[in-house]
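Colleague: Respectively, the protein sequence lines represent chains B and D. Per full-length UniProt numbering, numbering of the first sequence is gapless, rising by one per residue and ending at 642. Per full-length UniProt numbering, numbering of the second sequence is gapless, rising by one per residue and ending at 642.
Bear in mind the hints are in silico, worked out from the structure with no lab data behind them. Heads up, a few of these hints could be off.
As the list makes no split between identical chains, a pair holds if one copy fits it or if it spans any two.
Stated by the list, open to error - Calculated pairs, EDC-like style, for lysine to aspartate or glutamate (alpha carbon to alpha carbon, straight line, at most 16 angstroms):
#1 Lys159 with Asp486
#2 Lys185 with Asp265
#3 Lys602 with Glu165
#4 Lys72 with Asp554
#5 Lys187 with Asp478
#6 Lys602 with Asp144
#7 Lys613 with Asp566
#8 Lys374 with Asp468
#9 Lys602 with Asp18
#10 Lys631 with Asp504
#11 Lys432 with Asp239
#12 Lys54 with Glu88
#13 Lys175 with Glu338
#14 Lys631 with Asp495
#15 Lys602 with Asp208
#16 Lys590 with Glu165
#17 Lys82 with Glu262
#18 Lys342 with Asp85
#19 Lys342 with Glu20
#20 Lys321 with Asp144
#21 Lys175 with Asp315
#22 Lys484 with Asp265
#23 Lys57 with Asp86
All values reported here derive from a predicted model rather than from experimental measurement.
Number of protein chains: 2
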Amino acid sequence: MKNSHYKINFLPSEVTVDIEEGKTILDASYKGDLFINALCGGDGTCGKCKVILKSGKIDSMPTTHISAAEVKQGYVLACRTKVVDDLEVLIPEESRLDKSQILVSDYPQFPGSLAAVSLGAEQFKQNPLVSKLYLELSPPSLDDSMADYERLCQDIMVKTDIPLENLTTNFTVLKHLPAILRNSKWKVTATLGYRGPSVEVLEVQAGDVSANNYGVAVDVGTTTVVAHLLDLCRAETIDIEATYNSQIKYGDDYIQRIIHAEQHDAMDIMQEVLIEDINHLISTLVKRNKLSIHDIGAVVCAGNTVMTHFLVGLDPTNIRKEPYLPSVSFIPSLRAAEVGIKTNNQGLLYTLPCVGAYVGGDITSGVLAIRLDKAEALSLLIDIGTNGEIVLGNKDWMVCCSASAGPSFEGSGISCGMRAAKGAIEKINITKNFDVNYKTIGDTPPSGICGSGLLDCLATLVRSGVIDRTGNFQKGIDTDRLRKTDNGYEFILADKSETATKKDIVIMQADIQNLIRSKAAIYSAISTLIESMGMDINNIEQLYLAGGFGNYLDVRSAITIGMLPDISISKVQFVGNTSVIGAKMSLFSKDAYEVSRAIASKMTYFDLMNNNKYMEEYISANFLPHTDIEKFPSVVEELKVS
Amino acid sequence: MKNSHYKINFLPSEVTVDIEEGKTILDASYKGDLFINALCGGDGTCGKCKVILKSGKIDSMPTTHISAAEVKQGYVLACRTKVVDDLEVLIPEESRLDKSQILVSDYPQFPGSLAAVSLGAEQFKQNPLVSKLYLELSPPSLDDSMADYERLCQDIMVKTDIPLENLTTNFTVLKHLPAILRNSKWKVTATLGYRGPSVEVLEVQAGDVSANNYGVAVDVGTTTVVAHLLDLCRAETIDIEATYNSQIKYGDDYIQRIIHAEQHDAMDIMQEVLIEDINHLISTLVKRNKLSIHDIGAVVCAGNTVMTHFLVGLDPTNIRKEPYLPSVSFIPSLRAAEVGIKTNNQGLLYTLPCVGAYVGGDITSGVLAIRLDKAEALSLLIDIGTNGEIVLGNKDWMVCCSASAGPSFEGSGISCGMRAAKGAIEKINITKNFDVNYKTIGDTPPSGICGSGLLDCLATLVRSGVIDRTGNFQKGIDTDRLRKTDNGYEFILADKSETATKKDIVIMQADIQNLIRSKAAIYSAISTLIESMGMDINNIEQLYLAGGFGNYLDVRSAITIGMLPDISISKVQFVGNTSVIGAKMSLFSKDAYEVSRAIASKMTYFDLMNNNKYMEEYISANFLPHTDIEKFPSVVEELKVS
């Protein structure tokens, strides 16, 4: 029997989706391109995908994430609710993912300019991975009967110093070259693509079109995908576009996605949805800037090792199995079309090289962006996302590690947590009298609390004495904001009268423990890495904070809770999305891309997962700021004074 | 209205072909894979495709090629006869092309061994274009977590000295590598393909299969395609197979084929039929030697510039238009599958580089084979086929040219001419008494006369006084063999009582003039080239004769008729099919392949088509041996004595 189909009308967007009987409301929302917050990937564990049923019958599984009061209002979990009728469904504000809020700028201080692509002292020579060269060939004669392709190569060699034997080409060029040369009266533009030791003549066009040379740099994140459109001729960033990584529906972190892919034989699908996201970004950028897709000759992607594998269609299975191996660290340049990315038909795809299973091309890109590999000063790069990657070193050596911080700083596993989007509390302060002041993104009524807000929250909770250094609520404090529920104690950050969701925004005891575990993972990774090199935090001369999270993070709060070691704030620099910065630098200069390869092979991966010292550090770090508060003299001072 | 279809039963092979009404008998024969001699490509001009109609009605166009007597016997031209009925058609012996008779050996003195591949002093190191390398990788551990591909490359680098940055690979390898490494317990065989500055890891297989490494060297001739199967591991020629170039149906020489392709928009078809021939050869070789097509990793083709263009699917149109330009001289290595050649899926196709429009990869290959580029002695290489290509030089310089000899030495345009196949008269002598002695290929009754026989014939006709030095029959000689027909005088070489065709084998006045024009073209090219360098024939220390023709050619006869200049026979060396020899050398050693590129760029092309001196020389050479017989002292002596 063929399954029936039903219509789901999603509110407030009024998008109607036709869906097969038995699929979930979450499935329907994806089909309608509506981003519902489903951090766990539809497992029913995160409880983020709450929607309100306005009409129609459903088949819903029981869940502890919906309170009795919410049941009355029609709340259901989209991922646990099967469609058996035509439905009208409201996606409440707190469950929506608002694409326009993704952090897209690279380095906010210098948006869009080439100056922004290098934070380090050394600028690379402009020398894009794919370049266009206008040539006026001398027409052949009986005395000069060199073949068409060799005639072209001769001129390329003279103009570029590329040795003849390193020039190669593809069949399409050879096929069309004779007609193009003759129709253009021997005046043509050659597109040259850097391919390791060779340079490929990717395309030959009639006339001078050397000014139409564009590329796209992409930060392929686990959560978001950010694309920068670059004018490779003028060395400028033209436009930026971002979207959520559609793989989110298969799991919030990449390990979940690998498992999903393994269990559902869905490696191809993982690639497809990611490529679709990238194609969508490129096509949006191209249309908005009235360009032709034909003029996009290169795409450079920086992503963690798993995203890089999915991107090119490689199986990342061994990444999660001891001894944790990628299939490949440095993927040779591919024809973009080979993986399904839509550019010029002969356009090339480059990926930033990975260091290992858990330190990917995004980190290599970051090191390139800040030129840590050229730094005189002993430097620490911390890129905080779902994972926290840490690089320690200078021009002489570099070690790196990755800590599985978990997604709590992205709002997952936290009752009122949400991603950094409009209405998220990003700064918060609790006074001695337990009054609460906060600031939301977009200055709208709050819908929840995002990573930087959670971190701030934890710090202010401890400073104000709401919790003690173990993270436990101080039951004796004099405020109505602390209340007991069936699930234990919770502290009200915003009353339902003032929120966008018309529900209280609270932090629960379990939330606090989750956050402490996350910060402990990052701290212990940093300290283990530093100590393993026989150093301590005082040896660090410069600390770079990267990642979407990093841009809004209150460093003082991060030290107070013991996520960052106790370092002088003057040594800390926010560097934004270094993943996309390094990708842009590579696109603008093949010398930079070559350096990225040298960086990846120079970095030593330090495994924490099987490190006893790390486990000890982690346990000690499960306090605020640490079991041994003497390691945080500034916090001793702060908590004494406050 | 849909056309009717008819059945043609071809005798004696009993092959039945189904064909549409209105197609010709020649079309039907191609459909049945029967090779009918049709040198003009079915234009009705060569008169070679005579067949005998045994039953059925036909629609035949008038032709002067069929005599009244032949009409009575049922003779028709296959190319001029349309099918309008079921037919029974006998292909007489003289019209058949016998595939088994194609010259396939390279250098008969040393068949099959690596020694045979280099005629020059210098042997190249065995270092095939595609090699297989057995590797026992150290399994990864937590302390050694290098990615799979980099682990492989590391070992390749150690074993081969190929720099890491020159190693590249393809997606298929990356995709399957993790599973292959683990299933094989890290013991694998890597196939490495030379691709200019890069080396591509073409394939990785489990276990040690490094001994299964085979390649095919192909001489892509205008008339025949010859393939040698090589064991690249043991550096041996295993087997040889040859076929006619199926493009023959579109014209006997390559200019005709270019015109056909232009007029019928049939460039693709030209490629298709050629690739089909090559695939057929490879598949026959593979089956006969019980190999797997999977083990064929490389194909090296040497052909003239037009064949090379057709092979890879490039338009050779500009080759026949002033200033006569190829699209490309050196084609970068391609995936064999890209052009449709069936090998290992990742197998590579290499072509020998061309010098110019009329001096192709077959000649570059020939220079490589005899190492003319390393010769101390001033040397002349003459490769005689439909075109005669000539190279003059030594280790310091090389010039080359091409003379359009026309196909008369391949039997075309000659009344009883045929290709060098079973039953062809290859040697002939006419005594003072006008008795005729001859030798046929295979020592069977004669069907016609092939190139070497025609050349011998011309020489013996002049020596015996049957013709004078202008080529005209001496009407007064006392023999019945000379007779007058409606088409002028002819000389009977073999009486119908002794021939396989039951018809007289004759040489006509027009035949002689055709042969004189052909030999004049070759001679004048040689002499113009030599004289343009300020030299004369006495400066030549070594003369190499290459090509299928060259193997059987009587040098004395060639000098007598003035095709070759008057040179001491001790300086002449037959070198066989140097085109395939050079291709084999390249396959066995990438150093040799690299040298071929250096050779092609070092050779200076000397254009004869617009050279006044050449035209003068050509006119002077339209005598036997030459207007100025003093240039041929040995012939003065010979004709005086004889």
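Colleague: State for each hint whether it applies.
Modeller: Outcome of the hint check:
For a Cα distance limit of 16 angstroms, the shortest separation of Lys159 from Asp486 qualifies neither inside one copy, at 76 angstroms, nor across copies, at 68 angstroms. Taking the shortest alpha-carbon separations for Lys185 and Asp265, neither the intra-copy value of 54 angstroms nor the inter-copy value of 24 angstroms comes in at or below 16 angstroms. In this assembly of identical chains, Lys602 and Glu165 lie within 16 angstroms of each other by CA distance solely across copies; the values are 15 angstroms between and 30 angstroms within a copy. With identical chains, the CA atoms of Lys72 and Asp554 are never at most 16 angstroms apart, being 39 angstroms at best within one copy and 108 angstroms at best between copies.
Taking the shortest Cα distances, Lys187 and Asp478 never come within 16 angstroms of each other, neither inside one copy (82 angstroms) nor across copies (70 angstroms). Taking the shortest alpha-carbon separations for Lys602 and Asp144, only the inter-copy value of 15 angstroms comes in at or below 16 angstroms, while the best intra-copy value is 49 angstroms. In this assembly of identical chains, the alpha carbons of Lys613 and Asp566 never lie at most 16 angstroms apart, being 20 angstroms within a copy and 92 angstroms across copies at closest. For the homomeric pair Lys374 and Asp468, neither the shortest alpha-carbon distance inside one copy (43 angstroms) nor that between copies (88 angstroms) is at most 16 angstroms.
Taking the shortest alpha-carbon separations for Lys602 and Asp18, neither the intra-copy value of 52 angstroms nor the inter-copy value of 69 angstroms comes in at or below 16 angstroms. Taking identical chains as interchangeable, the C-alpha atoms of Lys631 and Asp504 are never at most 16 angstroms apart, the minima being 37 angstroms within one chain and 113 angstroms between chains. For the identical chains of this complex, Lys432 and Asp239 are neighbours neither inside a copy (45 angstroms) nor across copies (94 angstroms), given an alpha-carbon limit of 16 angstroms. For a Cα distance limit of 16 angstroms, the shortest separation of Lys54 from Glu88 inside one copy, 5 angstroms, qualifies, whereas the shortest one across copies, 83 angstroms, does not.
In this homomeric assembly, Lys175 and Glu338 come within 16 angstroms of each other (Cα to Cα) only across copies, at 13 angstroms, whereas the closest approach inside a single copy is 20 angstroms. Taking the closest pair of Cα atoms, Lys631 and Asp495 never come within 16 angstroms of each other, the shortest separation being 37 angstroms inside a single copy and 115 angstroms across copies. Taking the shortest Cα distances, Lys602 and Asp208 never come within 16 angstroms of each other, neither inside one copy (41 angstroms) nor across copies (33 angstroms). In the homo-oligomer, the alpha carbons of Lys590 and Glu165 lie at most 16 angstroms apart only across protomers (14 angstroms), although the nearest pairing inside one protomer, at 19 angstroms, exceeds that limit.
With identical chains, the CA atoms of Lys82 and Glu262 are never at most 16 angstroms apart, being 24 angstroms at best within one copy and 63 angstroms at best between copies. For a Cα distance limit of 16 angstroms, the shortest separation of Lys342 from Asp85 qualifies neither inside one copy, at 38 angstroms, nor across copies, at 55 angstroms. For a Cα distance limit of 16 angstroms, the shortest separation of Lys342 from Glu20 qualifies neither inside one copy, at 31 angstroms, nor across copies, at 45 angstroms. With identical chains, the CA atoms of Lys321 and Asp144 are at most 16 angstroms apart between copies only, with a shortest distance of 14 angstroms across copies and 62 angstroms within one.
With identical chains, the CA atoms of Lys175 and Asp315 are at most 16 angstroms apart between copies only, with a shortest distance of 7 angstroms across copies and 36 angstroms within one. Taking the shortest Cα distances, Lys484 and Asp265 never come within 16 angstroms of each other, neither inside one copy (45 angstroms) nor across copies (85 angstroms). In this assembly of identical chains, the alpha carbons of Lys57 and Asp86 lie at most 16 angstroms apart only when taken from the same copy (8 angstroms versus 74 angstroms across copies).
Violated hints, listed in ascending order, are 1, 2, 4, 5, 7, 8, 9, 10, 11, 14, 15, 17, 18, 19, 22; each of the other numbered hints is respected by the structure.
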